[in-house]
Amino acid sequence: MRAVPEQIRPWVPGTYVTLGTDGFGFSDTRPAARRYFNTDAESQVVAVLEALARDGEIDPSVPIAAARQYKIDDVQAAPEQTSDPGVA
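With the working numbering applied, the sequence shown covers 675 to 762.
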């Protein structure tokens, strides 16, 4: 859920990136749903890299390369399992 963390954004100094979902997905598996909402591990890595690039800490090509490597725009490319299979 992103709505609650977004409410405190005005009071957090610096870069603030929220992760989460605000609705229902269109995916048939949990890994695909996590990819759809960009909450899987790979999407989180890309989100952090994008924030670092916006802040000028890393080259802007780094998050682009990571998104391509992890196929972020392809819900079907989501890994079948997270590092902790018990996580819902």
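In case anyone wonders, no lab produced these hints; they're calculated from the structure. Every residue, glycine too, gets a C-beta built ideally from N, C-alpha and C. Please note that a few of the clues may not be correct.
[To be verified] Listed below are the simulated SDA-like cross-link pairs for lysine to any residue, each with C-alpha atoms no more than 25 Å apart in a straight line: (1) 745 - 729; (2) 745 - 693; (3) 745 - 684; (4) 745 - 703; (5) 745 - 734; (6) 745 - 717.
[As the list claims (entries may be wrong)] Distance windows between CB atoms, simulated: (7) 715 - 681: 18 to 28 Å; (8) 684 - 753: 27 to 37 Å; (9) 731 - 703: 15 to 25 Å; (10) 692 - 743: 35 to 45 Å; (11) 718 - 677: 10 to 20 Å; (12) 678 - 718: 29 to 39 Å.
Here's how the hints hold up against the structure:
| no. | hint | in the structure |
| --- | --- | --- |
| 1 | 745 - 729 | holds, 24 Å |
| 2 | 745 - 693 | holds, 18 Å |
| 3 | 745 - 684 | violated, 32 Å |
| 4 | 745 - 703 | holds, 17 Å |
| 5 | 745 - 734 | holds, 17 Å |
| 6 | 745 - 717 | holds, 9 Å |
| 7 | 715 - 681: 18 to 28 Å | holds, 26 Å |
| 8 | 684 - 753: 27 to 37 Å | holds, 35 Å |
| 9 | 731 - 703: 15 to 25 Å | violated, 34 Å |
| 10 | 692 - 743: 35 to 45 Å | violated, 23 Å |
| 11 | 718 - 677: 10 to 20 Å | holds, 19 Å |
| 12 | 678 - 718: 29 to 39 Å | violated, 18 Å |
When held up to the earlier numbered hints, the structure conflicts with 3, 9, 10 and 12 and fits the remainder.
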